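Asker: Residues per chain are reported as follows:
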Amino acid sequence: MSSSARGFAEAPQLNADVRLSVEQVSYAYSANPTQAPLFTLEATSFQARPGELVAVLGPNASGKSTLLKLIAGTLEPLSGRVLLNGFATHTLPPRTRGQRIAMVQQESPLLFPSRAWEFVLQGRHAHGRSLRFETADDVLIARNALAQVGAEHLSDRWMDQISGGEKQRVILARALAQQPLLLLLDEPTLHLDIGAQVDLLETLRRLAAANRYTVVVVTHDLNLAGQYADLVALFQKGKCLRVGAPATVFHRELLEQVFQTQLTVELASSGRPRVSLPPVP
Amino acid sequence: MRTRFILGAAYAALVSACCIGLCGSAVRAQADTPETHGTSPKATYKEVVDDYGRAVRIPQPVQRIVSLAPSLTETIYALGLQDRLVGDTDYCDYPADAQKKTKVGGTINPNLEQIVALRPDLVLVTKNLNHIETVQALDNLGLASYATDTHTVQGIISSTERLADILGVSEAGASLGADLEHRLADLQQRLSGIPPRRVLFVVWSDPLISVGKDTFIGDALRWAGASSIVESAQDWPQMNLEEVVRLQPEFLVFAAAHGDSVEASFDSLAERPGWRGLDAVRQRHFAIISDAVNRPAPRIVSAIEELARQLHPEAFSGPSEEPADKKPPVSFSRHHNENRDATEICLCVR
Amino acid sequence: MRPLTLSRLAGYCALLGAVLFIVVVIALKMGAVPVSLYGLGHDLIRVAFRQSSQLSTEYQLIIFDIRLPRILLAIFVGASLSVAGSGFQALLRNPLADPYVLGVSSGASVGAILALILETRVALSPAVAVVFTPLGAFLGATLTVSAVYLLGRREGEIDTPTLLLAGVISASFLSAIIMFFMSTLTGGNYHGLAFWMMGDLSTPIQPLLGWILRVGFFVAAGTIYMTATDLNLLLAGEQEAMHLGVDVRRVRVVVYIAASLLTALAVSVSGAIAFVGLLVPHAMRLLFGSDHRVLLPTAALGGAIALVVADTLARTVVSPSEVPVGAMTALAGAPLFLYLLRRRAL
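Chains as they are written, first to last, in my numbering: chain R, 1 to 281; chain G, 1 to 350; chain L, 1 to 346.
It is worth saying that the hints were derived from the structure and are not from the lab.
Everything numeric in this text was worked out from a predicted model, so none of it was measured.
Any given hint could turn out to be false.
As the list claims (entries may be wrong) - Straight-line Cα separation of at most 20 Å, SDA-like style, residue types lysine to any residue; simulated pairs:
| hint | chain 1 | residue 1 | chain 2 | residue 2 |
| --- | --- | --- | --- | --- |
| 1 | G | Lys46 | G | Gly168 |
| 2 | G | Lys100 | L | Val318 |
| 3 | R | Lys69 | L | Arg121 |
| 4 | G | Lys127 | L | Thr184 |
| 5 | G | Lys213 | L | Thr184 |
| 6 | G | Lys127 | L | Phe132 |
| 7 | G | Lys213 | L | Arg121 |
| 8 | R | Lys69 | R | Thr91 |
| 9 | G | Lys103 | L | Ala327 |
| 10 | L | Lys29 | G | Gln114 |
| 11 | G | Lys127 | L | Ala115 |
What the hints assert, rightly or not - Coverage of chain G stretches by chain L, computed from C-beta distances (three or more under 8 Å per stretch; other residues unrestricted):
| hint | stretch |
| --- | --- |
| 12 | 59–70 |
| 13 | 94–106 |
| 14 | 126–133 |
Virtual Cβ for every residue (Gly too), placed ideally from N, Cα, C.
Sequences and hints are given; from them, build the entire structure.
Answerer: What follows is the structure, given as structure tokens:
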């Protein structure tokens with residue numbers, strides 16, 4: 001976790017408190033090199049500390065998923081850099097990246113079914129030599145991961161025989177088994193009912209605090225973001241409009257401009273904003 | 001640590017595979033002593049060069065022969081050595097006695113185990129019917145093999161004589177050769193001055209396949225007073241029917257073991273579109289000869305004579321010329337010129 | 001939760017190894033010439049004690065020079081095809097992938113035909129002529145593999161759907177070339193090549209080629225095995241594998257080259273034997289699970305067993321003639337394929 005002997009391109013940051021530093025990161029994608037880019041992400045910056053939960057918020061096709069991939073290091077930024085504990089994520093070797101960054105996203109359908117515990121054990125792959133048998137430690141960590149998401153009872157079930165919500169939990173457990181520094185989630189609440197959504201976010205908040213993860217969640221759900229995030233980055237069409245605490249970002253005019261609909265914003269007693277549709281006259 | 005264990009196990013498997021291989025070659029090395037081949041205790045050899053250009057050591061005398069081609073089987077019978085023939089292929093059917101010999105499979109991939117079990121002194125192969133891999137495999141097994149390769153009728157005769165020398169029956173070979181030469185010379189004399197008939201030798205009708213000019217069949221046609229319309233250097237060229245119609249051969253020649261079935265199929269052939277464009281089909285100018293023409297063996301000379309009779313019957317008129325086993329043609333009339341638009345003429349014999 | 005342990009893996013391999021041993025013993029016994037098991041055991045002991053001169057020599061020849069090399073060939077060709085099939089199925093994330101899907105066998109056939117045509121034009125010494133066809137086949141296979149690799153890339157790295165398309169199209173194109181050339185071959189050669197293309201173990205190969213096949217198998221299969229856990233993760237999806245710490249680029253190239261090498265070696269010596277590379281991995285998955293650490297070795301052993309059985313049947317059912325072994329594997333393979341399909345294992 002601390003600086004290794006390998007010579008990465010970046011030197012550690014002076015501010016040891018910041019774990020994730022997104023610095024002026026931009027991206028452009030065009031299908032044809034000669035054509036104008038189909039999509040761009042303009043320079044974005046923010047920072048996050050261990051234990052914090054960041055919500056990347058915005059309507060569809062606003063560049064949220066692209067930002068997540070840039071943070072994960074699987075895409076190379078056009079300009080700027082993403083630093084995780086001082087090391088640029090894009091330059092990390094795959095193995096190291098697997099040890100530090102975990103991604104939870106909509107899964108491709110499994111080619112051949114496996115059991116939940118096998119699935120979670122895959123998260124241990126980045127630790128240890130490539131070709132090996134899992135050690136007792138690995139098994140313990142995997143079991144703990146399942147316990148932390150409340151999915152221990154699913155351990156022996158086949159992945160193609162559990163519900164969407166349960167599968168989501170197992171996927172999260174796999175990410176936890178990686179023992180990462182950074183936990184990234186791409187629209188995790190998409191197919192979940194409200195109870196499951198709340199459950200998930202509560203779990204994430206709890207884990208972030210307990211295990212000192214930095215969590216970045218991409219979502220378009222305003223209230224979940226407002227309720228659980230420490231930091232919100234609001235995006236529209238590839239441009240980051242504002243970054244800050246939910247109360248500072250959730251201004252009615254700004255939200256109405258971004259989401260193209262009438263909204264009302266209330267501030268709850270906890271200091272967290274709540275967004276709702278205006279009453280029907 | 002564990003990975004190394006796995007690797008170690010894998011390479012242990014490699015080592016054991018090597019051991020099996022080494023065992024095999026060690027045993028073979030021990031077995032590669034002259035006394036272990038054939039049944040003769042004395043070890044005299046004859047060194048000859050076969051048609052592959054290989055130097056072959058053949059144990060003498062040759063008591064047990066395996067033939068891997070029908071033509072070679074026939075040649076052995078023609079040389080009177082059938083008692084020494086211990087095995088032949090599934091396709092060796094002439095003479096009838098050859099069918100009773102132990103079979104070793106086909107010509108392309110004969111059963112090596114069966115050949116080895118027969119303990120032959122010599123295995124005979126042909127260059128164009130058998131495969132070089134078979135020859136190499138026989139070499140690796142320590143069995144002597146001799147390959148023949150013939151492209152002309154003369155070549156067949158000289159190859160037969162050479163084979164006779166190798167097998168220790170030079171006199172039989174010489175007399176057989178002389179007899180065949182005599183018959184060919186006789187034929188040539190009869191046909192001198194008569195222009196050759198332009199023919200198409202039909203190997204297969206669908207697709208239309210004929211023979212090339214460098215094959216022994218092509219040469220046989222020439223000896224029979226025929227001139228093949230096929231100019232191809234390929235051995236079995238596929239012919240374009242339009243091209244054949246343009247060339248208008250005078251006769252179609254078929255080779256078959258049974259003449260009657262060919263007649264029936266010829267009738268159906270005549271019904272097919274395109275084929276009626278051929279004069280030879282419309283006028284039923286076809287000749288059928290035995291399938292001996294397909295084998296580079298002494299019997300091919302009989303097939304040549306048969307074909308010559310059918311193409312040039314005028315050269316064979318006269319009471320003393322009628323061989324005993326040939327029936328007279330059903331009906332025919334003399335040809336002096338190209339005028340053949342008269343009634344249908346069937347020259348099918350047998 | 002029962003993660004895989006070395007002892008369980010060793011147990012599975014030992015089980016299949018025992019089955020293979022039994023199958024080999026039966027195969028040694030069967031053939032055109034009868035061999036008794038007691039006599040066989042007795043003779044093997046004599047060989048081990050270096051008393052081989054006491055053996056009947058035809059017997060010796062048959063067992064050690066004909067049957068055993070052929071069985072060994074079947075073992076390594078079967079193992080190569082099965083491991084290559086497993087590799088391609090993981091690489092292309094497609095359960096219908098077999099070793100020939102990327103055009104390797106078509107390329108090998110074209111190479112073999114060209115070698116045959118060249119052989120008739122150029123006079124070669126018999127020693128060279130025998131290795132000429134396998135050499136031509138191998139060259140054809142490797143050229144095809146390289147071409148498909150170059151065609152199957154996007155932005156410099158292998159793109160799986162593009163690779164699959166490039167392979168399928170190359171295979172079709174090469175098949176057309178094969179048909180074109182086959183019409184120019186003479187009768188005996190034509191028959192021989194058709195036999196080879198169906199998959200044929202009856203032609204004994206030169207010992208050197210046998211060694212190359214064996215060494216090549218261990219090297220290539222060993223290389224694929226090193227990526228076994230990576231392949232497990234790859235099955236979950238390429239993006240997911242990347243996030244879990246797999247160097248997807250490197251693994252794809254390594255597996256592609258190694259699996260293609262295995263296939264090229266196998267096809268060069270024995271033609272395109274059908275179904276083994278496709279079905280053995282699925283059967284092994286059904287029995288032992290999809291973990292590649294187990295799948296790869298069991299597929300190798302399973303492939304060896306399957307091909308030895310098929311080859312033994314091929315050379316005994318119409319003895320002394322032979323059926324091409326590819327016909328046997330197809331006859332057995334198609335019903336098995338349907339069975340697996342019904343069981344939804346595919």
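Asker: Going through the earlier hints one by one, which of them does the structure break, listed in rising order?
Answerer: 3, 9, 12
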